[in-house]
Amino acid sequence: MRQYIQEKILPHVLKPTRYLGNEWNVVKKEWEEAKVTMAFAFPDVYEIGMSHLGLHILYGLVNNRSEFLMERVFAPWVDMEEQLRRHKIPLFTLESYRALGDFHVLGFTLQYEMSYTNILNMLDLAGIPLKSADRQEGPLVIGGGPCALNPEPLAPFFDCFLLGDSEEMLLQLLEITARHLNEDGKFDREALLGELSLVSGIYVPGFYQLRYKPDGTIGSVDPAKEEVPPRVQRRIVQNLDEAYFPTKPLVPYMEIVHDRMMLEVMRGCTRGCRFCQAGMVYRPVRERKKDTLLKQAEELVQNTGHEEISLTSLSTADYSCVQPLTKELLNRYQDGGINVALPSLRVDAFSVDLAAEIQRVRKSGLTFAPEAGSQRMRNVINKNVTEEDLLGAVTAAFRAGWTNIKLYFMLGLPGETNDDLAAIADLAKKVLDIGRQELMAQRGRPNITVSVSSFVPKGHTPFQFEGQNPVEELRAKQQFLRGQLKGRGLKFKWHEAKLSFLEAVFARGGRKLAPVLENAWKSGCRFDSWDEHFDYAKWQTAFENAAIDPEFYANRPFDYQEVLPWDHLDAGVSKAYLIREHKRAMEEALTHDCRWDECTGCSICDRFQVENRLWGDEINVD
Amino acid sequence: MLIRMEFAKGAPLKFLSHLDLMRTFQRIFRRAALPLAYSQGFNPHPKIAFSPALPVGAASQCEYLDVELDAQMSGDEILTRMNRQLPEGLEIKKIKEVSQPADALNAIINRAEYTVYFQTKLSEAEVAQYLEELLKREEIIIEKRSKKGIKKKNIRPGIYKLNCQQETAGMCIDMVVQTGSDGNVRPEQILDFLRNECNLAITEARITRTGLYVYADGHYKTPLEVVA
Ligand code: SF4
Numbered sequence: 001m002r003q004y005i006q007e008k009i010l011p012h013v014l015k016p017t018r019y020l021g022n023e024w025n026v027v028k029k030e031w032e033e034a035k036v037t038m039a040f041a042f043p044d045v046y047e048i049g050m051s052h053l054g055l056h057i058l059y060g061l062v063n064n065r066s067e068f069l070m071e072r073v074f075a076p077w078v079d080m081e082e083q084l085r086r087h088k089i090p091l092f093t094l095e096s097y098r099a100l101g102d103f104h105v106l107g108f109t110l111q112y113e114m115s116y117t118n119i120l121n122m123l124d125l126a127g128i129p130l131k132s133a134d135r136q137e138g139p140l141v142i143g144g145g146p147c148a149l150n151p152e153p154l155a156p157f158f159d160c161f162l163l164g165d166s167e168e169m170l171l172q173l174l175e176i177t178a179r180h181l182n183e184d185g186k187f188d189r190e191a192l193l194g195e196l197s198l199v200s201g202i203y204v205p206g207f208y209q210l211r212y213k214p215d216g217t218i219g220s221v222d223p224a225k226e227e228v229p230p231r232v233q234r235r236i237v238q239n240l241d242e243a244y245f246p247t248k249p250l251v252p253y254m255e256i257v258h259d260r261m262m263l264e265v266m267r268g269c270t271r272g273c274r275f276c277q278a279g280m281v282y283r284p285v286r287e288r289k290k291d292t293l294l295k296q297a298e299e300l301v302q303n304t305g306h307e308e309i310s311l312t313s314l315s316t317a318d319y320s321c322v323q324p325l326t327k328e329l330l331n332r333y334q335d336g337g338i339n340v341a342l343p344s345l346r347v348d349a350f351s352v353d354l355a356a357e358i359q360r361v362r363k364s365g366l367t368f369a370p371e372a373g374s375q376r377m378r379n380v381i382n383k384n385v386t387e388e389d390l391l392g393a394v395t396a397a398f399r400a401g402w403t404n405i406k407l408y409f410m411l412g413l414p415g416e417t418n419d420d421l422a423a424i425a426d427l428a429k430k431v432l433d434i435g436r437q438e439l440m441a442q443r444g445r446p447n448i449t450v451s452v453s454s455f456v457p458k459g460h461t462p463f464q465f466e467g468q469n470p471v472e473e474l475r476a477k478q479q480f481l482r483g484q485l486k487g488r489g490l491k492f493k494w495h496e497a498k499l500s501f502l503e504a505v506f507a508r509g510g511r512k513l514a515p516v517l518e519n520a521w522k523s524g525c526r527f528d529s530w531d532e533h534f535d536y537a538k539w540q541t542a543f544e545n546a547a548i549d550p551e552f553y554a555n556r557p558f559d560y561q562e563v564l565p566w567d568h569l570d571a572g573v574s575k576a577y578l579i580r581e582h583k584r585a586m587e588e589a590l591t592h593d594c595r596w597d598e599c600t601g602c603s604i605c606d607r608f609q610v611e612n613r614l615w616g617d618e619i620n621v622d
Numbered sequence: 001m002l003i004r005m006e007f008a009k010g011a012p013l014k015f016l017s018h019l020d021l022m023r024t025f026q027r028i029f030r031r032a033a034l035p036l037a038y039s040q041g042f043n044p045h046p047k048i049a050f051s052p053a054l055p056v057g058a059a060s061q062c063e064y065l066d067v068e069l070d071a072q073m074s075g076d077e078i079l080t081r082m083n084r085q086l087p088e089g090l091e092i093k094k095i096k097e098v099s100q101p102a103d104a105l106n107a108i109i110n111r112a113e114y115t116v117y118f119q120t121k122l123s124e125a126e127v128a129q130y131l132e133e134l135l136k137r138e139e140i141i142i143e144k145r146s147k148k149g150i151k152k153k154n155i156r157p158g159i160y161k162l163n164c165q166q167e168t169a170g171m172c173i174d175m176v177v178q179t180g181s182d183g184n185v186r187p188e189q190i191l192d193f194l195r196n197e198c199n200l201a202i203t204e205a206r207i208t209r210t211g212l213y214v215y216a217d218g219h220y221k222t223p224l225e226v227v228a
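Heads up: the sequence lines are chains A and B, in that order.
Going by full-length UniProt numbering, 427 is the number at position 427 of the first sequence; the sequence numbering is gapless.
Going by full-length UniProt numbering, 10 is the number at position 10 of the second sequence; the sequence numbering is gapless.
Simulated from the structure, these hints should not be mistaken for lab results.
Every residue gets a Cβ at the ideal spot worked out from N, C-alpha and C, and that includes glycine.
Among the hints, erroneous ones may be present.
What the hints assert, rightly or not - Cut-off 25 angstroms, straight-line C-alpha distance, at most; resulting in silico cross-link-like pairs (PhoX-like, lysine-lysine):
#1 A:K15 / B:K121
#2 B:K121 / A:K583
#3 B:K152 / A:K8
#4 B:K94 / A:K15
What the hints assert, rightly or not - So the derived list for chain A, only partly shown, Cβ under 7 angstroms to chain B, looks like this:
#5 Y4
#6 P11
#7 H12
#8 P16
#9 N22
#10 A133
#11 Q136
#12 M254
#13 G305
#14 Y333
#15 L391
Stated by the list, open to error - Over the 12 angstroms line for every Cβ pair with chain A, so calculated as not near, a few chain B residues:
#16 E6
#17 L13
#18 L21
#19 P44
#20 V56
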């Protein structure tokens, strides 16, 4: 099969390297020797999927166990899909070029709502029935990742979902699957799912019944069986420092989005931005020790040959040992041509100093995310940063030699007025002015890119109750800003409003949306997050055919009392806290970061037996 | 010290672009912990130079690269260290220390030899006839698409040899063409011409580069021979 595909098909597709699967550090196991086989599926192209740290973690974790085997598959680009269909070749994994249907478990990672049609397409390309109910045979189809915390639009297509950190849970799932396998390699689905549903963190959607109210909202979600828990709790790795980390990751041949070594310095963020799902669903903060990271870096350098180490997390400048760690990494590796990068910067001078220490970041430009233009709006979203902070940071940046500054904002935030919008433009112009002054002596010219996305309300955040601005309103706001941000040195970028709208529909939607996904996929939707493929007309027809009003999900405010599609999934932060935070947003009141201060009562630590775990103080002691 | 290497690139890595290949070698060198010399400046990069790019999808028995090291090291040591880090599809064939400064590979290499296997119903004599006719022409115009639009180019002066032979694996054309900074003729261009202008059905062409040469004064020398 491998030879056939490489000789007959790959010469005819764009970027054949996407499908080679022969990367350095690839794990190829004997199929017969593995008790349980799993395919890890990323519903987007290779370049995006391979940049995802979670893939490398699970790939290493599972393959480290002799009785398990994990191979990879990515969404084939449209030209490859055409070839597969023409040659009648089922979608295959990269390691052994085996059809997905041959595996015991097929796991999709759910990173982004707009990749959902790709999932259906991949199942179809593999010849696997789309719906769990129609699958008597074939792999157990599972999903994980952030969108698994509201997977309801996907519910009929999946057998189960893994909520939260998957490290421990996935191995458990594979062990249980192994026990359920018969001599012929098959299993009794119902029995297997029954046992899985008892594992903390595993959600079997088929075991829950929904009742709806006449107005279309949910009346209740009830377990269909007695032993199934009424609410499923997310899993959390308590001690990240001791958690598995892959120091022999796959090294791709082709250029991917993040083509570098990744060091995960911490998980979670407690700054508490009220729109940010990651900030709510990855709590609490769990750091790795500096020495652990240094050791991992050393192995990564030896095993990959990459030229850059990136310190990843939601907000790396917040890592309590970031300065000593960066310094040490630079000392050790800079002479060997290895650079250190901080992908996420805070809006303050400390971050700029840190970035300035790492000389080579300079070329690429710096990005800051004030998110909102006015102080009032920043208070609403709980972005604890002032205009002074931002202006101080950009001054430092220009002084240190950067000329390209990117500013990220969101529009359509709750309670946004024209003044708040105008403040975005004002702020950008102030940054431009500072740039002109600071760069005058150096004969440089500042380039400010203002990148504006549309607010998408997400589940498990304080803003889950907020409706999104209707598309026309978002467009009008984009137009307004575009008018304000014309001129030399300013560049304005915005996101397609209809795409943000669909994102909101599926982020806040429930099970009734499943037929819409299926319709949209059938009419040809795939790679929806790619401009060249996004076709809203098809989506519109899909909604109409399923008799679904998308605005009911995207634009309607949700009542505090309403049963939301994800309320039976416990991400850790309590609904009471989300409501309280939502109310505080309306009062423009700030909530501090519990990492350095007292608990603000999101309730996860007590209920989940976890805590913020920082190592910075220990280092300062010795 | 400056090292010149001869290496082969085969399946499955024949699909790697030139850029992918360069990146891959940088990573191999780093993993092998060779003391790479870096350029000065803002964005230091290792000093590695490659022979002219190979068409994507073509295999090669003889690619070359020059790499500068900061320290002295024996060829055997370099080879042992690198062999541990080579992915399937890459093979280092020879290593030679080069006295500096040497002319850049890209500047001195001017001839490439390819063998092309393909399937056809024609006999060897018939294909030979086509090739002969092709060589008789004074102009072979191909269209090159670039950002500025379509450009016409005469590739005939860059074709030096075209021989065919029926073999068990299919029809085989052996060709020598110009390559390098003064002009580049790609085997696919010749095949396309045979397909389109001569109506020669060619399917499943498999291209292998079998030689890269420095041609001067009527002599073909390999990049390793010129520094001997
Ligand atoms: S329970 Fe308290 S300390 Fe723990 S994450 Fe929530 S707010 Fe922070």
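Checked hints:
1. For the hint pairing A:K15 with B:K121, the CA-to-CA distance comes to about 31 angstroms; that exceeds 25 angstroms, so the pair is violated.
2. Proposed proximity of B:K121 and A:K583 is contradicted: the alpha carbons are some 79 angstroms apart, above 25 angstroms.
3. A hinted pair counts as satisfied when its Cα atoms are at most 25 angstroms apart, and B:K152 with A:K8 does not qualify at roughly 30 angstroms.
4. As the CA atoms of B:K94 and A:K15 are separated by approximately 30 angstroms, the hinted pair breaks the 25 angstroms bound.
5. Interface restraint check: A:Y4 against chain B, minimum CB-CB distance 12 angstroms, threshold 7 angstroms, status violated.
6. Because the beta carbon of A:P11 sits about 5 angstroms from the nearest beta carbon in chain B, less than 7 angstroms, this interface hint is met.
7. This hint is violated: A:H12 has a C-beta 10 angstroms from the nearest C-beta of chain B, more than the 7 angstroms allowed.
8. A distance limit of 7 angstroms between C-beta atoms decides the matter here; for A:P16 the minimum to chain B is near 4 angstroms, and the interface restraint holds.
9. The restraint placing A:N22 at the interface with chain B holds, with a minimum CB-CB distance near 5 angstroms, inside the 7 angstroms limit.
10. Because the beta carbon of A:A133 sits about 40 angstroms from the nearest beta carbon in chain B, more than 7 angstroms, this interface hint is broken.
11. Annotation: interface hint on A:Q136 violated; nearest CB of chain B at approximately 36 angstroms, more than 7 angstroms.
12. At a threshold of 7 angstroms, the smallest CB-CB gap from A:M254 to chain B is about 5 angstroms, leaving the interface hint in force.
13. Interface restraint check: A:G305 against chain B, minimum CB-CB distance 3 angstroms, threshold 7 angstroms, status holds.
14. The restraint placing A:Y333 at the interface with chain B is violated, with a minimum CB-CB distance near 10 angstroms, outside the 7 angstroms limit.
15. Interface restraint check: A:L391 against chain B, minimum CB-CB distance 27 angstroms, threshold 7 angstroms, status violated.
16. Listed as outside the interface, B:E6 is consistent with that label: its C-beta sits roughly 21 angstroms from the nearest C-beta of chain A, beyond the 12 angstroms cut-off.
17. A Cβ of chain A approaches the Cβ of B:L13 within 12 angstroms, the least distance being about 7 angstroms, so the stated non-interface status is violated.
18. Non-interface call for B:L21 relative to chain A: violated, since the shortest CB-CB distance, roughly 8 angstroms, does not exceed 12 angstroms.
19. A cut-off of 12 angstroms between C-beta atoms contradicts the statement that B:P44 is not in contact with chain A; the least separation is 6 angstroms.
20. Distance check on B:V56: its Cβ comes as close as 8 angstroms (rounded) to a Cβ of chain A, failing to clear the 12 angstroms threshold; non-interface status is violated.
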